[in-house]
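In case you want the letters, here they are:
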Amino acid sequence: MSVQPTDASPVGQIALVDLLDRLLGTGVVLAGDVVISLAGVDLVQVRLHALITTIRADMVEPR
Amino acid sequence: MAERARYLYAITRNVDPSPLGSTPALSGGRLDVVEHRGLTAVVSDVDLREFGQEGLRENLERLEWLEKVARGHDTVVQAVASLGPTAPLRLATICLDDEGVRRRLDEWHDALHVVLDRVEGRMEWSVKAFADPVQAGVDTSGVPEPAQGGGAAYLQRKKSEQTAREHREADAARVAGEIHDALAASSSASRRLPAQDPQLTGHTGTMTLNGAYLVDLDEVAEFEATFHRLQKEHPDAALALQGPWPPYSFAVLEQ
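Going line by line, the protein sequences match chains A and B.
So our numbering is basically just the index in the first sequence, starting at one, shifted up by 12.
So our numbering is basically just the index in the second sequence, starting at one, shifted up by 39.
Please keep in mind that the hints were generated in silico from the structure rather than gathered at the bench.
A virtual CB, placed ideally from N, CA and C, is assigned to each residue, including glycine.
Among the hints, erroneous ones may be present.
Okay, the calculated beta carbon distance ranges per label pair [stated by the list, open to error]:
#1 B:Thr-202 x A:Gln-25: 37 to 47 Å
#2 B:Arg-196 x A:Gln-25: 43 to 53 Å
#3 A:Gln-25 x B:Val-72: 24 to 34 Å
#4 B:Glu-97 x A:Gly-37: 15 to 25 Å
#5 B:Gly-190 x A:Gln-25: 51 to 61 Å
#6 B:His-267 x A:Gln-25: 14 to 24 Å
#7 A:Gly-37 x B:Ser-66: 21 to 31 Å
#8 B:Gly-190 x A:Gly-37: 44 to 54 Å
#9 B:Ser-199 x A:Gly-37: 30 to 40 Å
Here are a few chain B residues that sit away from chain A, every Cβ distance over 10 Å (derived from the structure) [stated by the list, open to error]:
#10 Asp-84
#11 Ala-191
#12 Tyr-193
#13 Asp-210
#14 Ser-227
#15 Glu-261
Chain A with its partners taken away, still in its complex shape (with noise of 0.2 Å):
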């Protein structure tokens, strides 16, 4: 038996995980005024998916 996402959601709503891949990974970049290095994003991303396997960690049950 395969195993379903934990995050199953409804049609439209984006997992935070695609959502954010999207948000920091893909998308128009424009320099605005306030600048984020794209490495700082980069590393910003990094860190944020150790935060989000964390979370899910406690989430997951063990198998």
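Using the hints, position chain B against chain A.
Only chain B this time, still in chain A's reference frame:
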């Protein structure tokens, strides 16, 4: 008094922005539009203490804050996408004032129109494939245990396990490539995003495909039919289809 700045959500064109009046902006304010040379930027006021360089550096580390802003950003982008062609901006694009917004629209005028041409009448779908974790278990039942399980036999068994695993991974990667090619042929544009960590997906299998597909709204039925055919052909790939989403992965400015 708090210093204000303009948060940019998305760029669109030729739309009546009045329906956006019912969409909540970040920081509880209302959405505004800045129009310039045929482009419309959807913006709202934010506090520079929260969205300035210093504030962002701290806030981006807080998952709770990030989720709130990402969801708020997405809510606005979805609302804009229901009105017309939409180029979503990266999270936390901040200009100090409307003049700053207009300067960006001016500078990127041609590239933004190219992006809007690309996404007009189209939305994004996501298809993911996973290597089934059940198959990751090594079937050694066919391998006879030597009467004397010495070190050489152990190494031999380890080696054949390793070879079997490499074959399975190569197979899974090949199947993912085939699935992607078939979906790409049924869409207007496609991208493969980096695979997500199993702990992030909540799925026990290894993600072999994290595909994004830009699909013409007239061709959604065909795309979905392709997906369902692939799902039947590859029951082990645990294919998952999501969408429609705003064209986040396809609003990339050509330099």
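Q.
Output the indices of the hints that this structure fails to meet, ascending.
A. none
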